[in-house]
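Engineer: Chain by chain, the residues:
There are 2 protein chains.
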Amino acid sequence: MSYSYLDIVKIADAFPYPGPGGESTINDYVHFRVAAHPYETLGFILPDVADTLKDLPGGLWISPTTLAMRAIGRFRLLNKWRGELFPVYGPNKELLFSIEPSASPLFGVVVYGVNMTAFRWSGGSNNNRQGSLQVWVPRRSSTRAKFPNMLDSSVGGGLATGGTPWSCIIRESEEEASLEEGLVRCAQEVGTITYFYVSGEGSGGESGLAQPERSYVFDLDLTGFPPDALTMNDDSVAAFELLTVPEVKLALGRKEFKPNCALVMLDFLIRHGQLTVEEEPGIQEISVRMHRKMDFPLR
Amino acid sequence: MSYSYLDIVKIADAFPYPGPGGESTINDYVHFRVAAHPYETLGFILPDVADTLKDLPGGLWISPTTLAMRAIGRFRLLNKWRGELFPVYGPNKELLFSIEPSASPLFGVVVYGVNMTAFRWSGGSNNNRQGSLQVWVPRRSSTRAKFPNMLDSSVGGGLATGGTPWSCIIRESEEEASLEEGLVRCAQEVGTITYFYVSGEGSGGESGLAQPERSYVFDLDLTGFPPDALTMNDDSVAAFELLTVPEVKLALGRKEFKPNCALVMLDFLIRHGQLTVEEEPGIQEISVRMHRKMDFPLR
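If you're matching them up, the sequences are chains A and B in order. The UniProt record's numbering numbers the first residue of the first sequence as 1 and each following residue consecutively. The UniProt record's numbering numbers the first residue of the second sequence as 1 and each following residue consecutively.
One chain only, chain A, in its complex shape:
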């Protein structure tokens, strides 16, 4: 079965919108707030997660709380503890606190990331966009907790506290795709996508968790480079493939891409004139949904 591109967007941007049908689901979640900003909701928490939180030691402090949540062993999500810290921002874009990323979905706070698409024009010049556009697409390892075996962005990763989109994409490009810093610095920063995921099948943990996400998007034009310009460097990637646009579209229609990476790929195809309203009448709704307005403070 093949899915429409809009169907695929709805997998990554699954959190209901306000209005008929959506309001009741939204009201199911408990609002996560901090004392310093009593009227700002920083995230949405599932009611049974909130119940567990009440009984934990650590009280108002996020690090002891997440450690205690890990210690009780109730949340499968926390089995993949990463020992990193991701930022949570306040209404003036100030850093409020940092949180272990595996615990972010339990609090429903916004997570920031970077995604880069490495591509080349083959058999024509880039100027006239003749020839064939090809994209480097990695397949995730079968051993990964989240979305094993699915297709991914050329390079991607989460943005830790203190990191910048550039420092993050440079590090991840080396770690995941053996790309040298000098080359990655030729990438173009081409905007952001914002969407509201809800954990489910493949997320590697509890379902129904609110996961608002924003990603800084990069393009890396490797026209003239050989197919092995990106190669695996660690065990997160099983293999890289150089896919043509029709092959990318086929894989999208089969839901082979990790949900948020499908958005990155659709944004890439739209920006490069490879997916137009003539082919996908839902393209405008796709553009709106992947630039979703969030009611949380954002960086």
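Just so you know, the hints here were simulated from the structure itself, not pulled from any lab data. Among these hints, one or two may not hold up.
One copy or two, it doesn't matter: identical chains are merged, so the pair holds either way.
[What the hints assert, rightly or not] Below are the PhoX-like pairs computed for lysine-lysine, each with C-alpha atoms no more than 25 Å apart in a straight line: (1) K293 <-> K10; (2) K249 <-> K146; (3) K93 <-> K293; (4) K146 <-> K80; (5) K93 <-> K10; (6) K255 <-> K10; (7) K10 <-> K146; (8) K249 <-> K10; (9) K80 <-> K54; (10) K146 <-> K255.
Remember, it's a predicted structure, so these values are computed and weren't measured experimentally.
Go by the hints and put chain B onto chain A.
Structural biologist: Using the frame of chain A, we list chain B on its own:
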């Protein structure tokens, strides 16, 4: 005085968002509905416009109504009667009816358009994005009713009933910029922008009218072409200039661009890596606002 890019976006996307402050303004408008879809709001009408509508002959039929509105001479907006028909769509993307475009803002219905940015890379190859990016920018004639003397997209226009984005951009490119169809067909269709304007200073008519708009965006890469590749053809354009990116940014900061064309230009700069979060921390909000979710049925 120089304005931030986000300030400029807020001029084009001026209609308030729901929530504190916005709700009361939104509730000021009368909902425009048709009998076939009693629960779908097609547009927002200012209360005093709605009062006038009640007293007009023509009743439920849009064409006699707009003609009667024109006849009473109460609305300055209708002095620029265009004698064209723009589409209004229903919840299933079906054409419900067509409306004279000068009257669209009185009913607050969504208007569709096209905007193309013609650009070239000068002094470097397009592949490595070295050299200088330049954009053809027309200045609107001083005699135009709407936004005289302001800077515009390279080419732009409204989408009439029965037209397609491509047929529209091809016709407007010939009419406004003397570009031949064969060249325009090399353009790339690179997405849509959606925003909610409110008529004000420069709109050439009543203020406070709701003007939800969606534009199909095209890029035309004219690297290697001379500066006079675009030339005026009718009296809508005073002159074309080939501006560098710093010149475009300066003009944006001085509010020299027609509001919606400022959005088109910002979208172009972001997609081409010329405006990044390092320069404009509000870039993500800009992306969200120019892909605004509308609560009207859309094509």
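Engineer: Indicate, hint by hint, whether the structure satisfies it.
Structural biologist: Hint-by-hint comparison with the structure:
Proximity of K293 to K10 under the C-alpha cut-off of 25 Å is found in both arrangements, the shortest distances being 15 Å within a copy and 14 Å between copies. Proximity of K249 and K146 under a CA criterion of 25 Å is satisfied intra-copy only: 22 Å inside one chain copy versus 42 Å between copies. Taking the shortest Cα distances, K93 and K293 sit within 25 Å of each other both inside one copy (16 Å) and across copies (23 Å). Within a single copy, K146 and K80 get their C-alpha atoms as close as 10 Å, which meets the 25 Å cut-off; across copies the closest is 58 Å, which misses it.
Only between protomers do K93 and K10 lie at most 25 Å apart by alpha-carbon distance; the minimum there is 19 Å, versus 28 Å within a single protomer. Within a single copy, K255 and K10 get their C-alpha atoms as close as 12 Å, which meets the 25 Å cut-off; across copies the closest is 37 Å, which misses it. Taking identical chains as interchangeable, the C-alpha atoms of K10 and K146 lie at most 25 Å apart only when both belong to the same chain, with a minimum of 19 Å there against 39 Å between chains. In this assembly of identical chains, K249 and K10 lie within 25 Å of each other by CA distance solely inside one copy; the values are 16 Å within and 35 Å between copies.
In this assembly of identical chains, the alpha carbons of K80 and K54 lie at most 25 Å apart only when taken from the same copy (23 Å versus 64 Å across copies). In this homomeric assembly, K146 and K255 come within 25 Å of each other (Cα to Cα) only inside a single copy, at 15 Å, whereas the closest approach across copies is 47 Å.
Checked against the numbered hints given earlier, this structure breaks none of them.
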